[in-house]
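Going down the list, the sequences are from chains G and B.
Take any residue in the first sequence, count from 1 to its spot, add 31: that is its number in this note's numbering.
Take any residue in the second sequence, count from 1 to its spot, add 31: that is its number in this note's numbering.
Any given hint could turn out to be false.
Because identical chains share one entry, a pair is satisfied inside a single copy or across any pair of copies.
No farther apart than 16 Å at their CA atoms in a straight line, the calculated lysine to aspartate or glutamate pairs in the EDC-like style are these [what the hints assert, rightly or not]:
(1) K183 to D238
(2) K183 to D239
(3) K122 to E157
(4) K183 to E90
(5) K122 to D154
(6) K183 to D261
(7) K183 to E85
(8) K122 to E82
Simulated from the structure, these hints should not be mistaken for laboratory data.
Protein chains: 2
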Amino acid sequence: MRAPSASLVVVGNEVLSAKVVDENGPWLAARLHERGIELRSISTVRDRVDEIVEALQRERPRVGWLITSGGVGPTHDDVTIEAVAAALGRKVRRDQRLAEVYRTIHRRLRGEEMPEAGLRMADVPEGTELAGDPSFPTLVCDGVVMLPGVPKFLRYQFDRFVGNMGGEPFHLACVYLSVVEDRIAAALTAVAAAHPGVEFGSYPRFDDADHLVKLTVESRRLGEVVVAVDALLAALPASAIVRVARPGEAPGPA
Amino acid sequence: MRAPSASLVVVGNEVLSAKVVDENGPWLAARLHERGIELRSISTVRDRVDEIVEALQRERPRVGWLITSGGVGPTHDDVTIEAVAAALGRKVRRDQRLAEVYRTIHRRLRGEEMPEAGLRMADVPEGTELAGDPSFPTLVCDGVVMLPGVPKFLRYQFDRFVGNMGGEPFHLACVYLSVVEDRIAAALTAVAAAHPGVEFGSYPRFDDADHLVKLTVESRRLGEVVVAVDALLAALPASAIVRVARPGEAPGPA
């Protein structure tokens, strides 16, 4: 069983040079969080084998799952597969089942045989599992989930694999305040120190919402959240509290 | 003179746990690219001193500028300043000029004296320069630009400092194609190999745009882009080309 934790490596010159706004990081962050899989980091790197390998090797000992997005197409700048293989110490081999998948897709969509160059997409790290939907499989090797960069394809392949990744949901409570952060900083620091198993967050707003700060209180253990929220409410001046959303209640606007 | 290159460290539990979608990475990527400052990587890490320090120390030898976003407020989870100081081998000291800036802002906005806890925001790495607008300064120390996480504040402080960061603009050409990527992969690979000073990108589309693939050709040297585009057009079948946007021409839709 791999730990329910992940790091994401976004392979994307186009993100770094602002040709594309990355949609995959925020989407995967939300999906992983819903599932109770902790996302430890997002590394957005260039389409270079050495930089992808470095990010993979750095993050690998720290998490159960590595997810890559992008760099799995047929062109010269698609080097993710080569980098994953290098990071795992595996060879890249043509997978004939995968080649047949792409040939079938190509025939169906384009009404013709796939050009040989396109079959480069069937070259994967040796031992890669074809998971999820066999007609558009999710590529997984040694805990590395290699997703395509095109958002709709990434989502499809991820959703068909995430059930295998483990995870327990987080329990979340929110406390909305009518005072600025510096007014409650000391109280929050003290309560956070007394509840080390709980994650506290403080999100100031600078718009016309009904609150100035949202505090979040989160843990995989429901009881810890309940106790920590009570401690927080006791430590804050009653007049500062706009409302409280306890675990399971709708958190309300933003 | 520092090199016109940068790495961004996004400090954000809230991004990793999907409580907030990061707007700062895409915005900074676009602004840096416009200015011809190469963005080498974006590292999104948790609000932990050790993880921020690791990212800063890893990226620092590689780029002229490090940019951090977030983690500079007054609460317990704001640890970016401490991490920057540790990465640079400097002490954290209260900056009295900065304390006066925050006192003035607080008095103006809230009509009262700033609570002592709020002045934690005036604790910065020793030697930090207060650049940009003196009434809301950009914090810069040894090539590390420490920006706030709130997008409107980050943008304000960045825009008042970016003029000091150097950079020459990139020249960009785009070639729009009516064929799928695998049809042109071999030609693109050959042209890219023959023009090592030029960046080539290939962006497939899966919607109802007038093209299936956009190729981008980019360099800080205009002549190299012109030559590379000509080579690319010679290598591609004429029937595959929908249109070409040469450097200085509007690139057209997406």
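Verification of the supplied hints:
1. In this assembly of identical chains, K183 and D238 lie within 16 Å of each other by CA distance solely across copies; the values are 11 Å between and 33 Å within a copy.
2. In this homomeric assembly, K183 and D239 come within 16 Å of each other (Cα to Cα) only across copies, at 15 Å, whereas the closest approach inside a single copy is 34 Å.
3. Proximity of K122 and E157 under a CA criterion of 16 Å is satisfied intra-copy only: 6 Å inside one chain copy versus 49 Å between copies.
4. In this assembly of identical chains, K183 and E90 lie within 16 Å of each other by CA distance neither inside one copy nor across copies; the values are 26 Å within and 32 Å between.
5. In this assembly of identical chains, the alpha carbons of K122 and D154 lie at most 16 Å apart only when taken from the same copy (10 Å versus 51 Å across copies).
6. For a Cα distance limit of 16 Å, the shortest separation of K183 from D261 qualifies neither inside one copy, at 42 Å, nor across copies, at 34 Å.
7. In this homomeric assembly, K183 and E85 never come within 16 Å of each other (Cα to Cα): the closest approach is 27 Å inside a single copy and 33 Å across copies.
8. For the identical chains of this complex, K122 and E82 are neighbours neither inside a copy (18 Å) nor across copies (32 Å), given an alpha-carbon limit of 16 Å.
Violation of the numbered hints given earlier is confined to hints 4, 6, 7, 8; the remaining hints are satisfied by the structure.
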